[in-house]
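Engineer: Here the protein sequences line up with chains A and B, keeping their order. Taking my numbering, the leading residue of the first sequence gets 1, the next gets one more, and so forth. Taking my numbering, the leading residue of the second sequence gets 1, the next gets one more, and so forth.
Take these hints with a grain of salt, some might be off.
Stated by the list, open to error - Below, simulated SDA-like cross-link-like pairs (lysine to any residue); rule was C-alpha separation at most 25 Å, straight line:
#1 B:K261 x A:A110
#2 A:K21 x B:I154
#3 A:K21 x B:V162
#4 B:K64 x A:A110
#5 B:K261 x A:F23
#6 B:K228 x A:I80
#7 A:K88 x B:I154
#8 B:K228 x A:G32
#9 B:K228 x A:R13
Stated by the list, open to error - One-sided excerpt, in silico: chain B residues whose CB lies under 10 Å from chain A:
#10 F33
#11 D81
#12 K249
#13 V256
These are calculated hints, taken from the structure and not from any lab test. Backbone N, C-alpha and C fix where the C-beta goes; we use that ideal spot for every residue, glycine too.
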Amino acid sequence: MRFLVVDDSPTMRRIVINALKTFGYLDVVEAGDGREGFEKLLSGEEVDFVITDWNMPNMSGLELTRAIRSHDSFKHLPIIMVTTRGLKQDIIEALKARVNNYIVKPFTPAVLKEKLDLVLGQNS
Amino acid sequence: MDIRLVGDRIGEVKALFVLAQRILPFMEDLFKFVSEVTPILEDVNKEIQDNLSKMPNASKQLAKVTEANEMATTEIMDTVDRLTNELISIVSELDKLKEIDRNRIVNPINLLKTISETISKEKELKSFLPEINDFIDRMENAVTNEHTEIIDDISNRLSAIVDDANTIIMSLQVQDITSQQLAAVNNLIEHIQSRLAIIMSNLTNQEDGKRKDAGKTKDINDYDEKIKVSHLHRNIAFDPDAIDAIDNKHSRQNTVDDILKRNAVVDNSTEEQDTESSSSVEGNSSEEFTQDDIDALFGGVK
Ligand SMILES: [Mg+2]
């Protein structure tokens, strides 16, 4: 299982990767914004799961989600949004863009694990 | 000329004089006010210019704060990572130790058991058997109870420290939130700076038409993008309400989960629904939405 972790904060990328490591997921690719993340996908990087922030320069997590969902090769990729945004309208926007799950920062490893298992269960 | 008309005109002029007489004190006050306010306006002008010159400095300081914050966070993470790795290797070393201890003790025990069996055939040595058997028991207990208990206890404590170390790492998420908040403050400073620059430019343009660079200053609309980005030590995209993430950290995920739970029933029959087709709920985002709305949202998600 290979993860793409997208966040403009290096601290957050490291935290997410660290949490994934404790769950036994060691294979991770990272990107500093949506554009870099999408370019990695386009360049043929093998990815099975995307964990993305929302607020990022150049290309937001929402735009990344839309780009993934409208691309034939990646549209089925599971996506979890991890963000500080917690307004109802934000969640609705994310759902409309078809994220598989939504986590608000600061999160606990237990929440990330729960959502991962849920999404992986839905996708298996 | 009609004498009555002249009388009317005189009456009007008189009324004008009466009005002028009434207005005069007010006009005097007005002149006084303008003469008093002019130096104040000059002070305000100077104050704006001073503040304007200080603002880039404030932005630089914010950039330094966020950079220092990020560097300290990285240092903490590096240290915690090293600690965690050390702890994990100590735990595995302890496990090895436990195994080594077991092997070291098991062989002599087996030997003693053989001796014990041999002796049991000799009548005159039989009296020592209880003592030897007791020794065997004690040796076995020493391995299973004392050593193992101590090692297990140490392992448990080390695991608890590893958990704490992970908690420290997770707590560092606050760095992302504070840097977003600082980026928001910086954005506000830049915004005020640009507005003040426009005001100053307008003032000086009216005075002597000198400042030609007012057009170069960012207008308020430049900041009104969907994703706000502030340039600190790096470009930081920020959520102006990021601080809520700290204030309500215990309840926010529950609220999100509540909305997600109501979407638990996924309609898999609708393959690849277009995102546009579900935009009908957009206007209701601050209200409760119905299951139909949600089902429409989730139509294409597996
Ligand atoms: Mg971000």
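Engineer: Give a verdict on every hint.
Structural biologist: Consistency of the hints with the structure:
Taken as a hint, the B:K261 and A:A110 pair is honoured in the structure, with Cα atoms around 17 Å apart against an allowance of 25 Å. For the suggested pair A:K21 and B:I154, the alpha carbons sit about 23 Å apart, so the restraint of at most 25 Å is met. Distance restraint check for A:K21 and B:V162: the Cα-Cα separation of roughly 13 Å lies within the 25 Å cut-off, and the hinted pair is therefore satisfied. Among the hinted pairs, B:K64 with A:A110 is inconsistent with the structure: their alpha-carbon atoms are about 34 Å apart, more than 25 Å.
The straight-line distance between the Cα atoms of B:K261 and A:F23 is roughly 24 Å, inside the 25 Å bound, and the hint therefore holds. This hinted pair checks out: B:K228 and A:I80 have alpha carbons roughly 22 Å apart, not beyond 25 Å. At most 25 Å may separate the alpha-carbon atoms for a hinted pair to count; A:K88 and B:I154 exceed this at roughly 47 Å. With a C-alpha separation of about 16 Å, the suggested pair B:K228 and A:G32 falls inside the 25 Å cut-off, and the hint holds.
A C-alpha spacing of about 20 Å is found between B:K228 and A:R13, which places the hinted pair at or below 25 Å, so the restraint holds. Checking B:F33 against chain A: minimum C-beta separation of about 47 Å lies over 10 Å; hint violated. A cut of 10 Å between beta carbons decides the hint on B:D81: the least distance to chain A is about 8 Å, and the hint holds. With 10 Å as the threshold, the beta carbon of B:K249 comes within range of chain A, its nearest partner Cβ sitting at about 6 Å, so the hint holds.
Annotation: interface hint on B:V256 holds; nearest CB of chain A at approximately 5 Å, less than 10 Å.
Checked against the numbered hints above, the structure breaks hints 4, 7, 10 and satisfies the rest.
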